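Starting from the structure of chain A, add chain B where the hints point.
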Amino acid sequence: MNAKTIDRIATFCFYSIAVLIVGILLGLVSFILIRGLGVIDWSFVTEAPGSVLTGGGGVGPQLFNSFYLLILTMLITIPLGLGGGIYMAEYAKPGKLTDFIRLSIEVLSSLPSIVVGLFGLLVFVQYTGWGYSMLAGALALTVFNLPLMVRIVEQSLTAVPREQREASFALGVTHWQTILKILIPAALPGIITGTILASGRVFGEAAALLFTAGMTSPPLDFTNWDFTSPTSPLNPFRPASTLAVHIWKVNAEGIIPDAKEVASGASALLVIAILIFNLVARWLGRFIHARLTSS
Amino acid sequence: MTDKISIEDFDLYYGENQALKKIRLNIIPNQVTAFIGPSGCGKSTLLRSMNRMNDMIPGVHTSGRIAIDGKNIYDRETDLVQLRKNVGMVFQQPNPFPISIYDNVAYGPRIHGIKTKKKLDEIVERTLKQANLWDEVKDRLHLSAMGLSGGQQQRLVIARVLAVEPDVILMDEPASALDPISTERLEELVIQLKKDYTIVIVTHNMQQAARVSDKTVFFLNGEIIEVNDTEQLFTHPEDQRTEQYISGQFG
Chain A
1 MNAKTIDRIA TFCFYSIAVL IVGILLGLVS FILIRGLGVI DWSFVTEAPG
51 SVLTGGGGVG PQLFNSFYLL ILTMLITIPL GLGGGIYMAE YAKPGKLTDF
101 IRLSIEVLSS LPSIVVGLFG LLVFVQYTGW GYSMLAGALA LTVFNLPLMV
151 RIVEQSLTAV PREQREASFA LGVTHWQTIL KILIPAALPG IITGTILASG
201 RVFGEAAALL FTAGMTSPPL DFTNWDFTSP TSPLNPFRPA STLAVHIWKV
251 NAEGIIPDAK EVASGASALL VIAILIFNLV ARWLGRFIHA RLTSS
Chain B
1001 MTDKISIEDF DLYYGENQAL KKIRLNIIPN QVTAFIGPSG CGKSTLLRSM
1051 NRMNDMIPGV HTSGRIAIDG KNIYDRETDL VQLRKNVGMV FQQPNPFPIS
1101 IYDNVAYGPR IHGIKTKKKL DEIVERTLKQ ANLWDEVKDR LHLSAMGLSG
1151 GQQQRLVIAR VLAVEPDVIL MDEPASALDP ISTERLEELV IQLKKDYTIV
1201 IVTHNMQQAA RVSDKTVFFL NGEIIEVNDT EQLFTHPEDQ RTEQYISGQF
1251 G
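Chains as they are written, first to last, in this note's numbering: chain A, 1 to 295; chain B, 1001 to 1251.
Just so you know, these hints were derived from the structure itself, not from any lab.
Everything numeric in this text was worked out from a predicted model, so none of it was measured.
Note that the Cβ used here is the ideal one computed from N, Cα and C, for glycine as well.
Misleading hints may appear alongside valid ones.
[As the list claims (entries may be wrong)] If the Cβ cut is set under 8 Å, some of the chain B residues that face chain A in the computed set are: (1) Val-1081; (2) Phe-1091; (3) Gln-1093; (4) Arg-1140.
[Unchecked claim] Here are a few chain B residues that face chain A, going by a calculated C-beta distance under 7 Å: (5) Tyr-1074; (6) Lys-1085; (7) Met-1089; (8) Ile-1099; (9) Gly-1108; (10) Ile-1111; (11) Val-1164.
Okay, chain A solo, but in the shape it has when bound (with noise of 0.2 Å):
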C-alpha cells in the first residue's frame, strides 16, 4: 500500500470516529426528549410533586433547587477556585511543596463522588449540626469542583503569553497589579470555560448530594423572600433535592403511579436547563471578555 492510500484509509477513520461521537450523542439526546417531552407542560415545571398516592403535579422545586445549589457552589468555588490558580500559577515555586499540592489537588479529583457524599454527611451534616441542607450540599460539591477549578485557572494563567508578563512588568507595575489588570482577562475565556465545566457537574450530581442536601424538598412558599424561614426557598439551611436527585429518587424508590413519566420529564428537563445555561454563560463569558479586552 502507498503512502496516499494509507492516508486516505486514515482520514476516512478520524471522519467515521467523528460521526459515530456525534451519532452516539444525537441519538442520546434525542432518546431524552422525545420519551420527556410529551411531560413536560408549565404546570411540570413549575408546580411541586404531587401526594405519594395520587401522583402528578410537577418539579418545580426541584428545578429551582438545582439553580440555587449552583449559585450556592459558586459562591464558594469561585473565589477558592481562583485564589488556588492564581497561587499555583503566580506564586508557587518548582519543588517538594508544590508536587505535595498538586498530588493532593490530584487526588481530590478522582475521589468517587458517593464518597465526598458520605464525607459531606459526616463533616457538613452532622459534625456542624445543620442536618440535610443546601449549604451541606453546596460544600460536599465543592469538594470535588474545586480541583477542576484550580486546575483551569491555573492552566489559563499560564497560557498568557510570557511577552505580556514582561510588558507589564517592564512599565513598572507590581505582580498584583499585573495579575489583576493584564493576566485574568487574558485568562478570562479559559476560566469561564472551566466555570461552565464545573457548573455542568453540579447540574448533574446526584450521589454527593443524597447524604448532603437531602432526598426531599420542604413545602415552599415562593413568596416568602425571608432567608431564616424554613419555606423560604432562598434558605441556605433547608434540605433541597435537585432535579438530578429527584430523578434518582423516583426511579429508585418512587411508589407514586406516574414515576416512569415523572422520571422521564424531569431528565428531558434537565437536559434541557443544562443546555440553556451552557449558551447564556458562553454568551455572558464573550460579552465580559469584550467589555475588558477593548474599552
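Quick look at chain B alone, frame taken from chain A:
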C-alpha cells in the same frame, strides 16, 4: 559629560554558567548605544540586567554594579517599580495588551495613579504623536490594539513606554519581527527620540546599528571586546575579532 549609566565589573550567572564577565561600560545620555555580537554573546542579558528583568529568571545571580544616575540599581533598597518606570523596555516581539489602543497607552499612567480623563487623553495623544503613530490611529483609539500591523504595534509599545516618562529606553532587537518599511520607520523614531531619552538598542543587524547608533559595543562570549564611536568601529575596528565579525566571517 556625566554618564547616564555606568557599569562596573558586572558578572551574571545562569546557575553555574557565567553569561557576563566583568563588564565595564559607560553609557552617555541622549545618545543611542547599540549592542552587537553573535547569538548568545550576552548582549540581551546585559540589556535585561539594566532594568532587572533577569530577576524573574530562576537561578540568576549577579555581582558588581550597574549605576543609573549614580545609584546602584542592584542595591538592596532599590525600588523595582521606580527603576522600571525610569528605565523602559521594548521587546523583540511587539507585545501590546489585548485591550484598546487607548488603554494600552493609558495602562501605565493609570496604574501609577493618574485618574482624570483629561490628563490621560493628553498623555495618550502626546505619546502617540511622539511615537509617530497618532495620525494612523487617532480615529480608532478605542479599537483593539491587536488589529494593528506589527510595525504599528511596535510603535504603540514605544508610546506605552513613553507614557510612564522614563529617562532610559532599552530596546531588545525591536525590529527583528518587522518588515523593511516598518523597520525604517522604527529607526527614524529611535533617532528622533534620542534628544529626550537615552537609548540602548540590541540588534542582530549591523547596518541597523550603523544607521541609528552613536556608540557601538561589540560583545563576544559574555565579554565586551570593543566600544567605540559607531563610525569608527565600523570603519576602523581596533580588535581583529570585531573586524572579523563586522565583515561577516562569523556570527
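Interface hint compliance - B/Phe-1091 to chain A, C-beta minimum distance less than 8 Å: holds, 6 Å
Interface restraint verdict for B/Arg-1140 against chain A (beta-carbon cut-off 8 Å): Not OK, violated: B/Arg-1140 not within 8 Å of chain A, min 10 Å.
Status of the hint placing B/Tyr-1074 at chain A (closest C-beta pair under 7 Å): violated, 17 Å
Status of the B/Lys-1085 interface restraint (C-beta, 7 Å, chain A): Because about 4 Å separates B/Lys-1085 from the closest Cβ in chain A, which is inside the 7 Å limit, the hint holds.
Chain A contact restraint on B/Ile-1111 - CB to CB distance below 7 Å: holds, 5 Å
When the least beta-carbon distance from B/Ile-1099 to chain A is tested against 7 Å, hint result: holds, 5 Å
Restraint satisfaction for B/Val-1081 [CB to CB of chain A, less than 8 Å]: holds, 5 Å
Hint validity - B/Gln-1093 Cβ closer than 8 Å to any chain A Cβ: Hint on B/Gln-1093: holds, closest Cβ of chain A at ~5 Å, below 8 Å.
Given hint B/Gly-1108 near chain A, where the shortest CB pair must fall under 7 Å: holds, 4 Å
Hint check: 7 Å Cβ-Cβ cutoff, B/Met-1089 to chain A: holds, 4 Å
Status of the hint placing B/Val-1164 at chain A (closest C-beta pair under 7 Å): Hint on B/Val-1164: holds, closest Cβ of chain A at ~6 Å, below 7 Å.
Hint check: violations occur at hints 4 and 5; the rest are consistent with the structure.
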